[in-house]
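Undergrad: Taken in order, these protein sequences are the chains called A and B. Counting in full-length UniProt numbering, the first sequence runs from 1 upward without gaps. Counting in full-length UniProt numbering, the second sequence runs from 1 upward without gaps.
Among the clues, some could well be false.
As a list, the in silico BS3-like pairs of lysine-lysine whose alpha-carbon atoms are at most 27 Å apart [to be verified]:
id: 1; chain 1: A; residue 1: K298; chain 2: B; residue 2: K106
id: 2; chain 1: A; residue 1: K324; chain 2: A; residue 2: K168
id: 3; chain 1: B; residue 1: K294; chain 2: A; residue 2: K35
id: 4; chain 1: A; residue 1: K254; chain 2: B; residue 2: K324
id: 5; chain 1: A; residue 1: K106; chain 2: B; residue 2: K34
id: 6; chain 1: A; residue 1: K106; chain 2: B; residue 2: K35
id: 7; chain 1: A; residue 1: K106; chain 2: B; residue 2: K326
id: 8; chain 1: B; residue 1: K294; chain 2: A; residue 2: K106
id: 9; chain 1: B; residue 1: K106; chain 2: A; residue 2: K294
id: 10; chain 1: A; residue 1: K5; chain 2: B; residue 2: K106
id: 11; chain 1: B; residue 1: K168; chain 2: B; residue 2: K326
id: 12; chain 1: A; residue 1: K301; chain 2: B; residue 2: K106
id: 13; chain 1: A; residue 1: K106; chain 2: B; residue 2: K168
id: 14; chain 1: B; residue 1: K298; chain 2: A; residue 2: K34
None of these hints come from the bench; they were simulated from the model. The structure displayed is predicted, hence computed values, not measured ones.
There are 2 protein chains.
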Amino acid sequence: MATIKQVAERAGVSVATVSRVLNDNGYVQLDTRKKVEEAIDQLGYIPNEVARSLYKKESRFIGLLLPDITNPFFPEMARGVEDELQEEGFYLLFGNSDESLERELKYIQTFVQNNVVGLISATNLADKANYDNLPIPTVFLDRGSQSEYSVYSDGVEGGRIAASEMIKRGSRKITVLKGPAHVMPVQERFQGTIEVLVQANVDFQVISLESLSFQEGMRRAYEIFEKFPETDGIIASNDTTATAILHEALSRGKSIPDEVQIIGFDDIQQSSLVFPSLSTIRQPIYDMGREAAKLLIKLIKKQAVEQPHIKLDVSYVNRNTTRKVK
Amino acid sequence: MATIKQVAERAGVSVATVSRVLNDNGYVQLDTRKKVEEAIDQLGYIPNEVARSLYKKESRFIGLLLPDITNPFFPEMARGVEDELQEEGFYLLFGNSDESLERELKYIQTFVQNNVVGLISATNLADKANYDNLPIPTVFLDRGSQSEYSVYSDGVEGGRIAASEMIKRGSRKITVLKGPAHVMPVQERFQGTIEVLVQANVDFQVISLESLSFQEGMRRAYEIFEKFPETDGIIASNDTTATAILHEALSRGKSIPDEVQIIGFDDIQQSSLVFPSLSTIRQPIYDMGREAAKLLIKLIKKQAVEQPHIKLDVSYVNRNTTRKVK
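Take these sequences, add in the hints, and give me the full structure.
TA: Here it is, written out as structure tokens:
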């Protein structure tokens, strides 16, 4: 790769002049600028962005913190963030917290140490001390509206829709899964579901989950069908636990959706690929990522922010684990 | 956040002395060093890594280029890369190429401009000109052994295993999907499959795919069952297309695995979640990511590399789209 010195030699100017052209700083005659730009083109010189970011006291990096990219909910969200950043000339530094406060803090420090200009956090920890007094703006993603800047989907309304669809399609003994207490969006959807079930005067029971994993779903599915063999509708906390319940139901020879209806939450990719395909409440996962990136870029550019909390709509996706309405 | 000046004031020394302590450069008296370190602790000062990386001419960033993180093959691979990097104190910059040469080149340039110290590329482009004359080491991931440094799994052997298992479990009219020509690992598995089928003297037909997507799988599944209604075994190019074929087979009322056996390739997470669960050839996706990161760190540290091409073993995963062997 060519050096700045080689560019200066080729253009017949000093290194300082090349630097002034690159940083658009200080007066440079038009024909001198042209010579420098030609030399840069000819030599394929790539200016060092680190030096420039120090000089300008800014970089083009944004940090993204996720619980775990192998959870199928997050790749689509990360992709939304990245597509928006890339169009705006920003780049993504990326870390998985594994829901460990220590790992999360280490990533935050590394991001700050490396002149990251903004942060998007989609971790679930209630303790926000890690984010206090950061010198850069932070947008919280998929965490409800409790933070200063946030992008999330309407979990309460999603929970309401799931319960209404379940009742409309004929279930009368409904099992509701309640996700872990520290995951705020999951609590919101639970709240919406309970609200509708209570109003509708149908029987229901609640099963609390310790996590949203497939394995936890399998364990609880066994419990549900043993304890409540008469249940005719299950509202899951997310698509992954819904899929686990679907498996357990099928392996017990239950007819889906005739004997038991199942509704998930999220609409991750695989939910249209299971058989029968999963009816669910769709969150606009990709759009949530994009909106968070948009909001963060506004904060970085110190532009006016009309909406510090962006709540996106959810919708019912009618597939084959729920009955048709007449 | 505290500044270096505040640290110097608190310790009663000059900024230059604090800098010498931070960079471990030049002589500092033991008790002075202690005073500086105490001030750093008390103020919670975080040194600026960008300034240090410029000073030391190195950073702790590694760039990872993927085709698309929302393809369920890649999150696990990215996670393997990240876990290894994190343990070694390196951090991940991340970009999706979308199989666009231009987008790929832009990311490579950005990585280099920002003093990234190494690159891992898992894109599929045959044209490697983008990687010529880079000033940093590059490891190619999941691309076969054609590059200088590479980590991949044994596609040829995987293709052989798929064909052998299919025959052993009784299929005699086999359909083989052939993935896109530019995706090298997919060609290798095809080659291994054909080798075994030819030797075994069974009937087979080949269907060429333009992509490895679910949609492409659905289109071709329709074609397969229309053109070759008598086929009793399908070897897919990857798990995603295998899942599409499974859906089409089930919706035509085919009994799986009694009438038709299906074998995928990859063993992505969702393959154990489809119903019936998918028999497949398992690539150690997470380990491939980890090994690539290990190899790259060796190159960055200029340590001896005994194995520039690391080929990992694949294995057969016996689930419910293949018959039991007596």
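Undergrad: Give a verdict on every hint.
TA: Hints, verified against the model:
| no. | hint | in the structure |
| --- | --- | --- |
| 1 | A:K298 x B:K106 | holds (23 Å) |
| 2 | A:K324 x A:K168 | holds (10 Å) |
| 3 | B:K294 x A:K35 | violated (44 Å) |
| 4 | A:K254 x B:K324 | holds (24 Å) |
| 5 | A:K106 x B:K34 | holds (24 Å) |
| 6 | A:K106 x B:K35 | holds (24 Å) |
| 7 | A:K106 x B:K326 | violated (54 Å) |
| 8 | B:K294 x A:K106 | holds (21 Å) |
| 9 | B:K106 x A:K294 | holds (21 Å) |
| 10 | A:K5 x B:K106 | holds (24 Å) |
| 11 | B:K168 x B:K326 | holds (10 Å) |
| 12 | A:K301 x B:K106 | holds (23 Å) |
| 13 | A:K106 x B:K168 | violated (52 Å) |
| 14 | B:K298 x A:K34 | violated (42 Å) |
Figure legend: structure checked against the earlier numbered hints; hints not met, in rising order: 3, 7, 13 and 14.
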